[in-house]
Amino acid sequence: MSSHFDPRLGSPPQGSRPTVSHSSMLGRESLRRRSGNRFDRKSDVKRERFVSRESGPRRNDSRPSLNTFSSDRKRHSAIRGRRPSRRENQDTALLSSRPEASSGEVISRNSILSEDILWGRHAAHAAIKSGRPIHRIWCTAELRSAPRFLQLLREAKSSGILIEEVTWGRLAQITNGAVHQGIALQTAAAETLSLASLVKGCASLKEPALLLALDGLTDPHNLGAILRSAEVLGAHGIILPQRRSAGLTGSVAKVAAGALEHIPVARVVNLNRSIDTLKDAGYRVIGLAGEGDQTLGEVSLKGPLVIITGSENKGLSLLARRKCDQLVRIPLRGITPSLNASVATALCLYEVARRGWMKDLRGQAPAPPIIRPCKMSDELTVRGGTDVQATTAVINLCLDPDNSSQTPLVFEHNIDL
Numbered sequence: 267m268s269s270h271f272d273p274r275l276g277s278p279p280q281g282s283r284p285t286v287s288h289s290s291m292l293g294r295e296s297l298r299r300r301s302g303n304r305f306d307r308k309s310d311v312k313r314e315r316f317v318s319r320e321s322g323p324r325r326n327d328s329r330p331s332l333n334t335f336s337s338d339r340k341r342h343s344a345i346r347g348r349r350p351s352r353r354e355n356q357d358t359a360l361l362s363s364r365p366e367a368s369s370g371e372v373i374s375r376n377s378i379l380s381e382d383i384l385w386g387r388h389a390a391h392a393a394i395k396s397g398r399p400i401h402r403i404w405c406t407a408e409l410r411s412a413p414r415f416l417q418l419l420r421e422a423k424s425s426g427i428l429i430e431e432v433t434w435g436r437l438a439q440i441t442n443g444a445v446h447q448g449i450a451l452q453t454a455a456a457e458t459l460s461l462a463s464l465v466k467g468c469a470s471l472k473e474p475a476l477l478l479a480l481d482g483l484t485d486p487h488n489l490g491a492i493l494r495s496a497e498v499l500g501a502h503g504i505i506l507p508q509r510r511s512a513g514l515t516g517s518v519a520k521v522a523a524g525a526l527e528h529i530p531v532a533r534v535v536n537l538n539r540s541i542d543t544l545k546d547a548g549y550r551v552i553g554l555a556g557e558g559d560q561t562l563g564e565v566s567l568k569g570p571l572v573i574i575t576g577s578e579n580k581g582l583s584l585l586a587r588r589k590c591d592q593l594v595r596i597p598l599r600g601i602t603p604s605l606n607a608s609v610a611t612a613l614c615l616y617e618v619a620r621r622g623w624m625k626d627l628r629g630q631a632p633a634p635p636i637i638r639p640c641k642m643s644d645e646l647t648v649r650g651g652t653d654v655q656a657t658t659a660v661i662n663l664c665l666d667p668d669n670s671s672q673t674p675l676v677f678e679h680n681i682d683l
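Counting from 1, position 4 in the sequence shown corresponds to residue 270 in this note's numbering; the numbering is continuous, with no gaps.
Pairs of lysine to any residue, SDA-like flavour, derived with a Cα cap of 25 angstroms:
no.: 1; residue 1: Lys395; residue 2: Ala532
no.: 2; residue 1: Lys545; residue 2: Gly556
no.: 3; residue 1: Lys472; residue 2: Thr458
no.: 4; residue 1: Lys472; residue 2: Val565
no.: 5; residue 1: Lys466; residue 2: Lys545
no.: 6; residue 1: Lys472; residue 2: Ser540
Cβ-Cβ distance ranges computed for the label pairs, FRET-style:
no.: 7; residue 1: Trp623; residue 2: Ala547; range: 20 to 26 angstroms
no.: 8; residue 1: Trp434; residue 2: Lys472; range: 46 to 52 angstroms
no.: 9; residue 1: Asp546; residue 2: Arg587; range: 18 to 24 angstroms
no.: 10; residue 1: Arg420; residue 2: Thr602; range: 48 to 54 angstroms
Treat the hints as calculated values from the structure; they're not laboratory data.
Note that CB positions come from ideal geometry on N, CA and C, so glycine has one too.
Turn these sequences into a full structure, and let the hints steer you where they fit.
What follows is the structure in C-alpha cells.
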C-alpha cells in the first residue's frame, strides 16, 4: 500500500515511494505538535509586537514604556502580596499630601513634617498639659479612649488642635520606626532661654541654685536621661552648648518622659565663657572626672553649684577642666572602669539632694515643692485692641501646678499693651 508523499515530512529515497504506517504517522504528528509554533506566523507577529513595546513607544504613543516603572516595581515588591486596607488609604490621604516638585519628582510624605515630632505617652502628656504649642496630634483608637488621655484630647480638640486617629503602622512611619506608644505630636521647637535669664531667675530663689552644664554630650538617650534625673532630683536648670551637643529632639523628649517641659534649658554659644559668667555670679564649678582628687562623698556641695558632665568617650574637655574649681570622682569597686554619663550625673545629683532638701524628710513626708525660673523671655509683648499705656505686671513664676508653694517666685516684666 503506497502513501501520498507529504513534503513537510522530508524527501523520499530516489526511485521508490515510501510506505508510511499509521503508527509512524501518529508519531510524526505528535512530533510536529511538540515542536512548538515553528511554522506559526501568527505567533511571530505577537512576539515582534511585544519586543517593540519594550524597546520604545509604539507609533505616536506618548505613554512611558514598561522599563520606566521597573524601579518602582522593585521598591514595592516587598508589599506586593497585600492590598492596603481602606483604613490605611484614609490615613495616607489625611496625613500626607504628595505635592510634586517642578522636576516632576514626588516629594516624600515625611518632608511635609517640618516642625518637631514628639512621641511617647509621658512626653506627649506633659507637652499637651504644659501648654507647649501643638499643631497636630496623631493617636491610635486605643489611646484615644484611654482614661489618661480622653479628657486631655477633648480639651486639645476644643482649643483648635487637629487630632487624627491613625494606625500603628502609620505612627511608625511618622516617627521613623521609634517606640511611639500609640501617640505622636507635631509641635513647635522646645523652648529655651538665655544664660542671663537663667542666672537672673536663680538669683531670686530661696534656696541655693543647682545647675548642670553638659560638655560634648552628643548621645540623645544620655541627654534625655540626664534631663529626667535633673528634674526629678531638684536641679534648677540645664546649660547646653549649641555645638558639639545633642539637640532637644523627639528622641530626647521620649527618654526624658516629660521632664523637658518642666526644667529650663539655656542654650549657649561658648560653654567656657558661660562658666566664667557663672563663676562671676558666685557659683562653684565642680567637674565629674575619673581622675578627680576628691571623691563625691568628701567634697563640699554647699552654695550655688554648677556640675559639669562630659561625654563618655572623651570626658571633660581640657578647657572645661581648667575652668573647674574642683574635679570630683565617683569611687568604683568593680572591674568596669567607668559609669554611664547619665548614671554618674544622677549619682552626683542624688548626693546633692541627700545633703540638701532630703535631710529633713522623715518617713512618708512629701518632698518640698521646687520653684524654678520660668521659661519666658524677660520682655513680654501683649497685642491688644485698645491703646493702653505700658504697665508693670507681676508674673507668678512658680511652676507648681497645685500652687502649694508658700513662697512663689515673682519677676517684674514690662508689658506693652
